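Colleague: Got chain A; can you put chain B on it based on the hints?
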Amino acid sequence: MIGVFSIGTEMASYSTNEFRSGLKIMLDGDPCAIIENEFVKPGKGQAFNRVKIRNLKTGRVLDKTFKSGDSVDAADVVDTEMQYLYSDGEFWHFMDPQSYEQQAADANAVGDARQWLKAQDNCEVTLYNGSPIGVTPPNFVELEISDTDPGLKGDTAQGGTKPATLETGAVVKVPLFLEIGELVKVDTRSGEYMSRVKK
Amino acid sequence: MNWQPSASLQVIRERARIYRQIRSFFNTRGCLEVETPVLASTTNTDVQIATIEVPGFEIPFYLQTSPEFAMKRLLAAGSGSIFQITHAFRQGEAGRLHHPEFSLLEWYRTGYDYHQLMDEMELLITTLSLRQCSFTRITYRDLFRQVMDLGVDEVTLEELRGHCAKSVPGTNVAELDFDQCLDLLLGVVIAPTMQGYQFVCDYPLSQAALARVREDDDSVAERFELFFDGIELANGFSELTDADEQRLRFEQDNAARAQKGLPQYAIDERLLAALESGMDDCAGVALGLDRLLMVLLELDSIDQALTFTD
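Residue numbers (our numbering), protein chains in the order written: chain A, 1 to 199; chain B, 1 to 310.
Isolated chain A (complex conformation) (with noise of 0.2 Å):
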């Protein structure tokens, strides 16, 4: 495959027909990854890409319109397992498990992922241009429940659920049968309770 990106001063770029989802583009000087891609070319006229493309350091979703046959530059956009440390409130501190190197990704690199942080667990850091822009938390994580109401004993049959602070401060919908200090098994993707997890 052509346009993979290189190592060095010379900016790798991408035609149109090498996009795909996942894609990281330059535009507008700033990162972004390509979501969707969609080919049009009516009767024998002029080809399009439309993309949906999200903005990685903003986050924001725009859509564009490309001639087929553009190219546009590559973004050093690395995704990048890293191990999660702590935080010292302003930053939160990674570290690569084979070179042991650390990171920092600030409040706004971290985002929403900051709920589901627990030390030791791995994340995928997105590092642009070798710093920290993005975080994403494992798809599964298991927390502690720190905070919820008390639990109704013997209810481990009926529906209804209540809400429970967690370790990181995470609030998920929990069942009712559940305690302070349980482990649960929560899907960070859409922040749903999976299960209880046995101790």
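There may be inaccurate statements among the hints.
Said to hold, decoys possible - Derived contacts from chain A toward chain B, CB cut-off under 7 Å, selection only:
no., residue
1, 17
2, 29
3, 33
4, 35
5, 36
6, 39
7, 43
8, 44
9, 46
10, 64
11, 65
FYI, nobody ran anything at the bench for these hints, they're computed from the structure.
Values in this document were obtained by computation on a predicted structure and should not be read as measured data.
Where a beta carbon is used, it is the ideal one built from N, C-alpha and C, also for glycine.
Modeller: This is chain B only, laid out in the frame that chain A set:
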């Protein structure tokens, strides 16, 4: 390892059924089935079509983007009305409605004009659909007027770019020329509003391709396209039979290719010689069979109609 077909067995059987019916339809109507090469030393000069060049020959060889030139040489040789089911290839066309290799039915009717060919096409599609279908016809001009209140004959390039900027945000309209603006609006704004089987006809001369200029209105070409719910299924013409005019269009194509930095191709002199020797007036059309299957079986993407995509 995913070795299984891209299409379901139901789709594969439907393809066999429509191929059988197409052959029987044309056989009973006196059209001769023909076969022409998919690999040839000349190719289409059309600026919007990218050809796949095949390595391994002393001179360049190309996968054909359409069987049109060879079929016209047959017509000039006196074949009479002909049809063909074949594969065509276009570099870089891939998406929900596109695949670089696709199947088409192309046929030519001597003595027909484009409206007579549309009539026959209605009959063919009704036959293949196994039910009554209704068709409408609208001119390119009226379509833009109806959907966008835009007069394609009067509008200036600046106004047209304004329409594009408003209707398709996120487009660098300054780099679009007149026809590119029309293509964008047709593909992105107008096509999604189209319903059922609809013929669009009488294209602007700048989009005439290989169509004859209309006798009673020299601002348009006798070209049509068939859409179903905005999906383009077919493109046809009253065919240009004038060798000099054809040479001029090839040269204009190559000039436009040079300007855009695209490869230029040797003009197909055998086609021009064939036209020179005399080709009867005729109308011809190409119908995309993978897309027709999509429409008949209500499939979401061309991949579901293709037996294998790789």
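Colleague: The structure should be examined with respect to each hint, and the outcome stated for every one.
Modeller: Hints versus structure:
Interface restraint check for residue 17/A: the shortest CB-CB distance to chain B comes to about 5 Å, inside 7 Å, so the restraint holds. Given hint, residue 29/A at the interface with chain B, is violated; its Cβ is 15 Å from that chain's nearest Cβ, farther than 7 Å. Checking residue 33/A against chain B by beta carbon gives a least distance of about 16 Å; that is not within 7 Å, so the hint is violated. The beta carbon of residue 35/A is not positioned within 7 Å of any beta carbon in chain B (closest approach about 13 Å), and the interface hint is therefore violated.
For residue 36/A, the interface hint is violated, since its Cβ never comes within 7 Å of a Cβ in chain B; the closest pair sits about 11 Å apart. Evaluation of the residue 39/A hint against chain B yields a held restraint, the C-beta minimum of about 3 Å falling below 7 Å. Look at residue 43/A: its Cβ gets to within about 5 Å of chain B, closer than 7 Å, so that hint holds up. Satisfaction of the interface hint for residue 44/A is found here, the shortest Cβ-Cβ separation to chain B being roughly 5 Å, below the 7 Å cut-off.
Taking 7 Å as the C-beta contact cut-off toward chain B, the hint placing residue 46/A at the interface holds, the least distance being around 4 Å. Given the 7 Å rule on beta carbons, the hint for residue 64/A holds: about 4 Å separates it from the nearest Cβ of chain B. Taken as an interface hint, residue 65/A checks out: its beta carbon lies about 4 Å from the nearest beta carbon of chain B, inside 7 Å.
Violated hints for the displayed structure, listed by number in ascending order: 2, 3, 4, 5.
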